[in-house]
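Peer 1: Under this note's numbering, residues 2 to 348 are what the sequence shown spells out, in order.
Calculated from the structure, these hints are not laboratory results. Watch out, some of these pointers could steer you wrong.
To be verified - DEER-style ranges, computed between Cβ atoms: (1) S227 with A277: 12 to 22 Å; (2) T48 with A220: 43 to 53 Å; (3) T13 with V52: 31 to 41 Å.
No experiment lies behind these values; they were computed from the predicted model shown. Glycine included, each C-beta is placed from N, C-alpha and C at the ideal position.
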Amino acid sequence: MNNIQITPVPQTLRAALQDKIDQKTKPPGSLGKLEGLALQAGMVQNTLTPVLKQPAIIVFAGDHGIAADGLVNPFPQAVTAQMVYNFLQGGAAINVFCRQHHLQLTVVDAGVNHAFAPHPLLKDRKMGMGTQNFLHMPAMSLDQCRLAMQAGAEEVKLLHANGSNIVGFGEMGIGNTSAAALLMSHFTGIPLADCVGAGTGSNAQQLAQKRAVLQQVIAKHAFPQSPEQALATFGGFEIAMICGAILQAAALQMLVVIDGFIVTSALLVAANMQPAVKDYCIFAHCSEEKGHKAMLQHLGVQPLLQLDMRLGEGTGAAMAIPLIQSAVAFLEEMASFNSAQVSNRTI
Numbered sequence: 002m003n004n005i006q007i008t009p010v011p012q013t014l015r016a017a018l019q020d021k022i023d024q025k026t027k028p029p030g031s032l033g034k035l036e037g038l039a040l041q042a043g044m045v046q047n048t049l050t051p052v053l054k055q056p057a058i059i060v061f062a063g064d065h066g067i068a069a070d071g072l073v074n075p076f077p078q079a080v081t082a083q084m085v086y087n088f089l090q091g092g093a094a095i096n097v098f099c100r101q102h103h104l105q106l107t108v109v110d111a112g113v114n115h116a117f118a119p120h121p122l123l124k125d126r127k128m129g130m131g132t133q134n135f136l137h138m139p140a141m142s143l144d145q146c147r148l149a150m151q152a153g154a155e156e157v158k159l160l161h162a163n164g165s166n167i168v169g170f171g172e173m174g175i176g177n178t179s180a181a182a183l184l185m186s187h188f189t190g191i192p193l194a195d196c197v198g199a200g201t202g203s204n205a206q207q208l209a210q211k212r213a214v215l216q217q218v219i220a221k222h223a224f225p226q227s228p229e230q231a232l233a234t235f236g237g238f239e240i241a242m243i244c245g246a247i248l249q250a251a252a253l254q255m256l257v258v259i260d261g262f263i264v265t266s267a268l269l270v271a272a273n274m275q276p277a278v279k280d281y282c283i284f285a286h287c288s289e290e291k292g293h294k295a296m297l298q299h300l301g302v303q304p305l306l307q308l309d310m311r312l313g314e315g316t317g318a319a320m321a322i323p324l325i326q327s328a329v330a331f332l333e334e335m336a337s338f339n340s341a342q343v344s345n346r347t348i
């Protein structure tokens, strides 16, 4: 992914965009975060009249070697493949929200431990039958990690070529909160115990075991020397693909909608590689998964929503995209004080 270069969002239209927002028939700032979204959309697209085209969600699914023996996850690894079938049948929460809000949904097999028959709704980007167990060795080789990132980037290129300029990402992978917690601790310096949460529903005993196992992982692998090496050591195929997809979307000057804990861990890697990527990101919500709030604080960003969600799949991103659409709509369609002949404030 060294060939991708992300330029900071140009600031040239900031003042003009802010003036356009302020001249709408409302008290200044009264549309709250929607005003910030309108400003960001205009700056990313470098226009006073931003337009959202073919909003989409890509869900990447992959398995994790650490999950095979059940040390860190209450649900069996087989649930990853079972949920992919649920996505393909249209029965998951992300399917419901994408149908409701008219979002294109793509499901990608990044490395599920299951051999899927060809399916018209499933993109085959399989890197292997799940990662290695990072309790014993790095989750993937550096070459595998780079290939996975490139595969994620290719999916975004396809979307963009078909006209999309806003994309959100989701994931499915039993054990991936463990990978995300390890990445979070590595990149933020926050103690691992404060990064590890219940994931798919660990009880107190399971959570204590999960923390103990992941502490062993941290001790074994010490300090990876680069962001890519950390991703290869602790990540998953789906997380690596999301990282590459985020970088590619920003390079294409798309709006990037960041979901919850897992997707934000992929962004942590991306931001360490290319800090300007954050300019293109909208943070959908604050997940209830332990660590996500601190992760967002480390990045210095504010989420749009706080709905106590922790499902993953891109569901938070799917809920946020209609708000972004509303922000762009008010910027384009709402009357100004002048056009509506409404008196503006005098002091």
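Peer 1: Which numbered hints does this structure break?
Peer 2: Hint 3 alone not satisfied by this model.
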